[in-house]
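> If you want the building blocks of each chain, they are given just below.
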Amino acid sequence: MVIGVVKCTEENLVALVPQVTSKLIKDEYQIIVESDAGVASGYSNELYESAGAVIASRKEVLSKADIILTGTAIEKTDLKQITKNSLLVGKFNGRVESNMLTDLREATAQVFSLDLLPRSTIAQSMDVLSSLASLSGYKAVVTAADEFAGYFPMMTTSAGTIPPARVLVLGAGVAGLQAIATAKRLGAIVEAFDVRTAVREEVQSLGAKFIEVEGSQEDTTAGGYAVEQSETYIKKQKELIHETAVKADIVISTANIPGRKAPVLIENRTVAAMKKGSVIVDMASASGGNCELSKDSQTIDVDGVTIIGDSKLYNLMGKQASLLYSNNIYNFLKYILKDGKDNLSYDSEIISKTLLREEEKSAVSA
Amino acid sequence: MVIGVVKCTEENLVALVPQVTSKLIKDEYQIIVESDAGVASGYSNELYESAGAVIASRKEVLSKADIILTGTAIEKTDLKQITKNSLLVGKFNGRVESNMLTDLREATAQVFSLDLLPRSTIAQSMDVLSSLASLSGYKAVVTAADEFAGYFPMMTTSAGTIPPARVLVLGAGVAGLQAIATAKRLGAIVEAFDVRTAVREEVQSLGAKFIEVEGSQEDTTAGGYAVEQSETYIKKQKELIHETAVKADIVISTANIPGRKAPVLIENRTVAAMKKGSVIVDMASASGGNCELSKDSQTIDVDGVTIIGDSKLYNLMGKQASLLYSNNIYNFLKYILKDGKDNLSYDSEIISKTLLREEEKSAVSA
Amino acid sequence: MLEILDYLKDNVLMINLLIITIYLGFEVISKVPTVLHTPLMSGSNAISGIVIIGAIILVRQAEPTDVITLIFGTLGIILGSINVVGGHAVTNRMLEMFKKK
Amino acid sequence: MLEILDYLKDNVLMINLLIITIYLGFEVISKVPTVLHTPLMSGSNAISGIVIIGAIILVRQAEPTDVITLIFGTLGIILGSINVVGGHAVTNRMLEMFKKK
Amino acid sequence: MQYIELIYIVSTVLLIIGLRKLSSPSTARNGNVLAALGMGSAILVAIFSPMTDDHGNLLYIFAGILAGAVIGLIYSKKVEMTGIPELVSIFNGFGGACAVSISILEAYKFNSSSTLGLMTTTYMALFIGGVAFTGSLIAYGKLAGKVKDWRSKVSSYFNLIWLMACIGLIIFQVINPMTYTFLPLVILTVSLIYGLTFVWPIGGADMPVVISLLNALTGIAAALAGIVYGNMVMILGGVLVGSSGAILTVLMCKAMNRSLINVVVGGFGASSSAISADQGDIKETTANDTAIMMRYAQNVMVIPGYGMAVAQAQKACKELDKSLSSRGVNVNYAIHPVAGRMPGHMNVLLAEADVPYSKLIDLDDANGMLTDTDVCLVVGANDVVNPSALDDPGSPIYGMPVLEILNSKNVVVLKRSMNKGYSGIENPLFFHDKTKMLFGDAKDTIESLNNEVKVMD
Amino acid sequence: MQYIELIYIVSTVLLIIGLRKLSSPSTARNGNVLAALGMGSAILVAIFSPMTDDHGNLLYIFAGILAGAVIGLIYSKKVEMTGIPELVSIFNGFGGACAVSISILEAYKFNSSSTLGLMTTTYMALFIGGVAFTGSLIAYGKLAGKVKDWRSKVSSYFNLIWLMACIGLIIFQVINPMTYTFLPLVILTVSLIYGLTFVWPIGGADMPVVISLLNALTGIAAALAGIVYGNMVMILGGVLVGSSGAILTVLMCKAMNRSLINVVVGGFGASSSAISADQGDIKETTANDTAIMMRYAQNVMVIPGYGMAVAQAQKACKELDKSLSSRGVNVNYAIHPVAGRMPGHMNVLLAEADVPYSKLIDLDDANGMLTDTDVCLVVGANDVVNPSALDDPGSPIYGMPVLEILNSKNVVVLKRSMNKGYSGIENPLFFHDKTKMLFGDAKDTIESLNNEVKVMD
Ligand SMILES: NC(=O)c1ccc[n+]([C@@H]2O[C@H](COP(=O)([O-])OP(=O)(O)OC[C@H]3O[C@@H](n4cnc5c(N)ncnc54)[C@H](OP(=O)(O)O)[C@@H]3O)[C@@H](O)[C@H]2O)c1
Ligand SMILES: NC(=O)c1ccc[n+]([C@@H]2O[C@H](COP(=O)([O-])OP(=O)(O)OC[C@H]3O[C@@H](n4cnc5c(N)ncnc54)[C@H](OP(=O)(O)O)[C@@H]3O)[C@@H](O)[C@H]2O)c1
Ligand SMILES: NC(=O)c1ccc[n+]([C@@H]2O[C@H](COP(=O)([O-])OP(=O)(O)OC[C@H]3O[C@@H](n4cnc5c(N)ncnc54)[C@H](O)[C@@H]3O)[C@@H](O)[C@H]2O)c1
Ligand SMILES: NC(=O)c1ccc[n+]([C@@H]2O[C@H](COP(=O)([O-])OP(=O)(O)OC[C@H]3O[C@@H](n4cnc5c(N)ncnc54)[C@H](O)[C@@H]3O)[C@@H](O)[C@H]2O)c1
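Protein chains in written order, with my numbering: chain A, 57 to 422; chain B, 57 to 422; chain C, 90 to 190; chain D, 90 to 190; chain E, 1154 to 1610; chain F, 1154 to 1610.
A portion of the hints provided could be inaccurate.
[Claimed, not checked] With a cut-off of at most 20 Å between alpha-carbon atoms, the simulated SDA-like pairs for lysine to any residue come out as follows:
hint, chain 1, residue 1, chain 2, residue 2
1, B, K332, B, P314
2, F, K1607, F, L1543
3, F, K1607, E, D1207
4, E, K1436, E, K1231
5, E, K1174, C, E185
6, A, K375, B, E323
7, E, K1230, E, A1220
8, C, K120, E, C1406
9, B, K265, F, V1339
10, E, K1607, F, L1212
11, A, K303, F, Y1510
12, D, K120, F, L1543
13, F, K1436, F, N1560
14, F, K1607, D, D155
15, E, K1231, C, D99
16, B, K332, A, I290
17, E, K1475, F, D1597
18, B, K136, B, S100
19, B, K136, B, M156
20, B, K351, B, E66
21, E, K1475, F, D1594
22, F, K1262, D, D155
23, E, K1230, C, V101
24, E, K1607, E, A1220
25, A, K375, B, E203
26, C, K120, E, S1177
Calculated from the structure, these hints are not laboratory results.
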């Protein structure tokens, strides 16, 4: 069976890195890789060839391969070229409507979007969101530290005692937790906050302080995801966050409600009140941002406060990101191809949830 | 007595920050600050005014003040304007001959260069080299981490186990030690190396591995500074460093021999042999660099290896740097002004060592 | 009542002896780690086999004609000896695990 | 030699008693932390004042005419009582530091 | 021939010191040997010391001792570790029986001249010995599973009454000795029966305590017999066993936190049987046994999970590791990719406690090493060690790679309850018979494990 | 009136239990009380028990007891802590004297009918009591600085001979009692002299051991007297003190690692005087005393320096902190700006051991807090606590701000030797009399400190 890798036009993410390529080849797959697919993330064509893959043009890959792997985007034109019953695997942000999504639904090929994976234990090894979120969480802190004109750890020196930096993490999901851990490591005082009070324990397990807002609306059925919250609650919440943020040197926000606009947690007044030189990293900027002022994939300076808006920080670590991404894809493929490409078990949550298709299609297989 | 602060044309370093300004004003000094002296390092004129200083033109400051403070550089023209027996304090890199230095020697004013301070315990609180080196050491790691497309700490994740980054620190002085500490904090495996075997203990006290080269030429009399080494030794040393560096993801070099060209520790072959994506931070670039290829205050990419040449990394943390710098200056002033500006005790090591003057002058006072 | 007190008075040494021995018994054990509960039990159980001495004396003083005494006495000796020998042996086995490696 | 052995035989109870008490003495102290060396010393020293009982008996049995005995006996009592009372008092003082705060 | 007394004294001291040494791990073995020496010398003296109206009968004596020794040795050799408590119980029973047989014989030697004290002592020896005898047999039966638990409300009342009966009989018999010749036999029977009814209602779980109690009784019986024969060693040895046995019993109760009262007045075994009742069939263990297991293991594998994070047990873990390593055990950590709640969660924690990276083994290598791991210490992990991922296609996590810790020799799971993990599914591991549960907050548990390890030498 | 024996038994038991409790910090105070009760009851019985040829003389008895009690109380109240050993020593001497006075009187009551055993016992009581008496007095003198050390090669031989003489005399006197009436007095004198010559050559440093030894002797004397009067409490109490005293002596020797032999055969005090000899006048202390000091302090300030880094003692430090805090001591860390070898060196380490930031006090605040700090624990710091920076204009570091730890109540310095710090200058701190040195690798030392603290309850 032939597996094809097409270049991701949008991000430094390649769906197969050479190490994983050779693993697949050991499992008797043929691999064809679009020329320069990996360059952006630091994997040259040579590396692929030495791993046993064939370098080809995008056209070739799309037409020849039974299974096509890519990053986060693909053109309508590309879809045309894919042969009827081949599979297309990527991370197409399947919760947020977009033209691409509709195109993908209409595509003849069966399209899987890994961001739709259930957050179940069994799916962990394919969970690209976790892999990338965790990477971004780490990167957020490192970037902030680099941006910040001061020490993170406390320092008692002969030129005076420098207090530790205060870091506030909003949203303690995978990204948030990783951010907390990294900031702690660097010696900062870390406070964190999340609507899901279940997270308290997890935050404390990393030695950070969990700041509480009473009266959170839990929804544990949402599979670990957060649900929108009541008015009064959001007011209280905003107040608390405001106070904490004003004291902080670094604010890292990861709050997301999948498929919806991200909750606004840092208002203008907060930014205005923050110390000069403090840094905000808004990792929800793509879905509207947790910070009113943040602009997606831009770094702006609002009188002395640096606001970095970036939901794809992992792109700055393309090499590592691609490695994790392709491991996830590898695990995914191994799972769905258990009994051959042509009889996928559609009743498995993992397959049914990730598969993009029009309603009738689903009706059929249901 | 009037203390004047002139803007440092060269670096983001201001000789007095508002906090310290007010301290001096409490001690009954008048402070005049050149307009915008602090802006580059994040201190606005307003802040100075609210601290009680007077904002003035450069000309005014130079002519009015009895004691003039600045950063690392000053123009010949400026020197002319300084009144005869006032003092000029800065960090003029007094070990490396330069026109500025000769100008300063000829200057009518008494010029003190704090980088010439003895490395004695008593001088610690004025030791700008320590303060800034330590800041740079920290920054070097943070920058490297940001540059590096991977995790520093080890991570066992469902998308594979990521090994910890390997960091090699060359030269374990103040900067080096701080770099070691920071890299350890971030969870990297740190190896360090220095000619002064005395440092071994200090390196190990930070939990890093000290890589040894036998037969080092110690010179403890050099007051903590390193001396040049024998041929054979340097060969052995190069070999060892080569091997270690090739294994490393991050190399941070701080090796200096004050007043001399920095020792070359990372040769081209080493860089060539290093992994793609690894990062070298050469903090000795100003004095020729520990890495043959590094260019001072430039970041270059030599087939996949990023080489950052920067001896003044603290400039990226101007705010913090200036705070420490001015604390050092404050302590220095308090020391030399013990018995009034006009009877400095020239036999004190701290004063005699830092004072720049022509030989006859020294002869006189000797 | 008085008799008992008299009895005490006459055997004051004995009583002191008993009391102090009892206390010693407590003292000696009081700090044993749980690890040793079972071995210790079995060890002291072996010691309790000291009663065999009674049986021995009994037999020694038995008329060779007095069959019953001989039989039961010997039986006593057998049982006692099992208790003593077996007890110490099995204790030793349990304690093997504490042999230094 | 034999006499001594006889003596043993006759006082077997006493001897057992002494031996066991001695052992108990060892046992009871063996695990004392250095902190307590001095208080313990002074405490047991107070106990050694038990010898006062001897003096008391002596005096009780002394003929009221037997001045020497009375004098030395009473002296003994005084000394002993100093030892006992003072000993316990001073021990108590030392131990104050172990009062729970 | 006055040496006898001396030797007796010596053997007494040997017994005492032996017992003393027995109560500390490092000296225990010597202790046992010393005690044995004490016994030996005492017995020799008993055989050879000159004696009034001595008729020798050495043949019987030697035959008896030899027979006993052989039997004793054989059994103590061929029993396997788990069977030891039963065996001890039987041995103790025999000790009691010995006391019985001599005291019954003595009882029939009484004549008008024999003193009240003597008689009382003898009958008490008879009674206590009898109880120890049959009691131990029942205890044995229970441990060996030959005797089922049986109890009713009344049993404890019945016992009380029966006890009264015994004592009543003895008093009667002492006050008017020669009247009924069969009475001693009656007393004997009554005592034997009391032994049965006393132990029977007690739950199997509590047998160790009971055995220790019966052992103390045997000791007392021996001491009484000693008084009858005016034999110092018997008296002191017996008393020693009696008192130390009593304390030991109390300690054992403490260790399984029950009160002795609650033991003697039945109500036994309630607690321990509880658990096995409501949640399938799990085996609980004590910090102490786990400590021993690890202390004397070659390889220990720690399996950290989210629970370690919650308990913040990482540092305690490192300490335990240190104590074990310093005693030659080698300790590693098997890190499952999804252990905890974020990628690398375990790494963060263990780095904080600075466990060297080289000790962190990842899934595949770990599964390799597990086969020759002696003890797996599961610290608040659950899903990541759930075997149903391997063998139960029905399970929602079927197919997920997990740590196959059942390949190791022993598994001890540290958690607070039987609660489920993140994925909310049952974990068959806990019910597997290789697995022992050690309940409690991971940090506390590990700290006590560490203490236990430390006291062990 | 047979209750007497009972009461005596009770008091014996009280004495035993009292002694037992005295040997563990948490129970010591009750122990002392119990023992006192035991004594009290015993004495009461001695006074009121019916007795053959009793002449009352209660007046004398009460007067004596009262007088003694008053004197004893007064002294024990007004002595200050440091003086206690002296006092104990005197008290013990008096105990000995009491034994002497009764045995000499008994000695003059002997008549042809008195048994050999009785006489031997009496004379031994006399001898041992005498030695204890004068010995204690000398010991007191030395501790109080009233008696100077004096020793010569011969002294130990002389003592040996003298000892022989005593024993010889006693034997002679026992074998032919009534011959010379003055002999008992001679024996007395000889004994008293032996006491002097025995203790005199022993160095003042070792007096505690000696006192404990003499205390054991007094105990034995009491026991012997007890035998003379056939009084159980005296015998048992005396023996108890004798044996426990002996052990205690041995333990004390261990604690200051000297052997008892090396004590008795002189060669005393050598070691302890050594240090003060070669390096100025420093005071060494033991982990144990430091532990007590800290355990019962309100505020402890840890002063970390480069030595902590070298020893990697930060984690141990955190542990000690934990143990102390959990016992209500509050512990802080004074961080000097230049402690260690790089800016923030101490921060890095303490963060690693995660000491909360709030416990890290910087120079100025620390100097503020030091005045009400009870114990300063200097962990491998040197230059940063060098007082010459404050008061010695000649010093190269004069004017540098340092931690003014001499404002605190006690200073304990942990380092390995008297080596200098980075700046290579002497540190007067170490020779200040507030300061005690505790030599050894900081990590090891702190760990043992921690253990000592833990055993303290
Ligand atoms: N790694 C990731 O990125 C990630 C992210 C999200 C979710 N997850 C999921 O989290 C799970 C991780 O598995 P796991 O085995 O590490 O944890 P787990 O399956 O969640 O089990 C944790 C166990 O620890 C016990 N525990 C909790 N607190 C404790 C304490 N203080 N002392 C002792 N025990 C304690 C709990 O039992 P008691 O309550 O009875 O004590 C619980 O059974 C997987 O299902 C994984 O899919 C992982
Ligand atoms: N902070 C900075 O930026 C910096 C940089 C360079 C130099 N310095 C200088 O370093 C000094 C720092 O002062 P400091 O008091 O921290 O250190 P220090 O004055 O250098 O004294 C350290 C002491 O620790 C003891 N020590 C070493 N290893 C030990 C061990 N394993 N266990 C116990 N004790 C041990 C040593 O005595 P023993 O050998 O007898 O044990 C030594 O006296 C100052 O003079 C400062 O000027 C500081
Ligand atoms: N089963 C698995 O193995 C697995 C794998 C990955 C994630 N998960 C679970 O899914 C959860 C969500 O993961 P994620 O990081 O992708 O979530 P996410 O990226 O969708 O959201 C990030 C965090 O933002 C929080 N948030 C939402 N609205 C908020 C608000 N108004 N204020 C503050 N915080 C708000 C959410 O609670 C979430 O914790 C994780 O916490 C994890 O427990 C489970
Ligand atoms: N007394 C004080 O308080 C005080 C204050 C600051 C520094 N110091 C001492 O001065 C020393 C030097 O401080 P610095 O950081 O400014 O030194 P530096 O910046 O001049 O040099 C940095 C390091 O490079 C090392 N080095 C030189 N040649 C080398 C070579 N060929 N290979 C490898 N390493 C080489 C030097 O040994 C030094 O450790 C410090 O280590 C410190 O101990 C003392």
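> Work down the list of hints and note, for each, if the structure agrees.
Going down the list of hints, with the structure as the test:
Under the criterion of a C-alpha separation no larger than 20 Å, the hint pairing K332 (chain B) with P314 (chain B) is inconsistent with the structure, at around 33 Å. Straight-line distance between C-alpha atoms of K1607 (chain F) and L1543 (chain F) comes to about 37 Å, which puts the hinted pair past the 20 Å bound. Between K1607 (chain F) and D1207 (chain E), the direct Cα distance comes to roughly 60 Å. Violation of the 20 Å bound is thereby established for this hinted pair. Restraint check for K1436 (chain E) and K1231 (chain E): the C-alpha separation of about 26 Å exceeds 20 Å, so the hint is violated.
For the hint pairing K1174 (chain E) with E185 (chain C), the CA-to-CA distance comes to about 15 Å; that is within 20 Å, so the pair holds. Taking the CA atoms of K375 (chain A) and E323 (chain B), the gap is near 26 Å; set against the 20 Å cutoff, the hint is violated. Using a Cα cut-off of 20 Å, the hinted pair K1230 (chain E) and A1220 (chain E) holds, with the two alpha carbons roughly 16 Å apart. For the suggested pair K120 (chain C) and C1406 (chain E), the alpha carbons sit about 15 Å apart, so the restraint of at most 20 Å is met.
Taking the CA atoms of K265 (chain B) and V1339 (chain F), the gap is near 77 Å; set against the 20 Å cutoff, the hint is violated. The straight-line distance between the Cα atoms of K1607 (chain E) and L1212 (chain F) is roughly 60 Å, outside the 20 Å bound, and the hint therefore fails. As the CA atoms of K303 (chain A) and Y1510 (chain F) are separated by approximately 17 Å, the hinted pair is consistent with the 20 Å bound. For the hint linking K120 (chain D) to L1543 (chain F), the alpha-carbon distance of about 47 Å lies beyond 20 Å, and the restraint is violated.
The suggested pairing of K1436 (chain F) with N1560 (chain F) holds, with an alpha-carbon distance near 18 Å, which does not exceed 20 Å. With a CA separation close to 58 Å, the supplied pair K1607 (chain F) and D155 (chain D) exceeds the 20 Å bound. Restraint check for K1231 (chain E) and D99 (chain C): the C-alpha separation of about 50 Å exceeds 20 Å, so the hint is violated. Pair hint K332 (chain B) plus I290 (chain A) does not hold up; C-alpha atoms about 48 Å apart against a cutoff of 20 Å.
At most 20 Å may separate the alpha-carbon atoms for a hinted pair to count; K1475 (chain E) and D1597 (chain F) meet this at roughly 15 Å. Of the supplied pair hints, the one linking K136 (chain B) and S100 (chain B) is violated, its CA atoms being roughly 28 Å apart against a limit of 20 Å. For a cut-off of 20 Å, the pair hint linking K136 (chain B) to M156 (chain B) stands: about 13 Å separates their Cα positions. As the CA atoms of K351 (chain B) and E66 (chain B) are separated by approximately 18 Å, the hinted pair is consistent with the 20 Å bound.
For the proposed pair K1475 (chain E) and D1594 (chain F), the alpha carbon gap of about 19 Å is at most 20 Å, so the pair holds. As the CA atoms of K1262 (chain F) and D155 (chain D) are separated by approximately 12 Å, the hinted pair is consistent with the 20 Å bound. Between K1230 (chain E) and V101 (chain C) the alpha-carbon distance is near 45 Å, which puts this suggested pair outside the 20 Å criterion. A hinted pair counts as satisfied when its Cα atoms are at most 20 Å apart, and K1607 (chain E) with A1220 (chain E) does not qualify at roughly 42 Å.
Of the supplied pair hints, the one linking K375 (chain A) and E203 (chain B) holds, its CA atoms being roughly 12 Å apart against a limit of 20 Å. Simply put, K120 (chain C) and S1177 (chain E) have alpha-carbon atoms about 8 Å apart, close enough for the 20 Å limit, and the pair holds.
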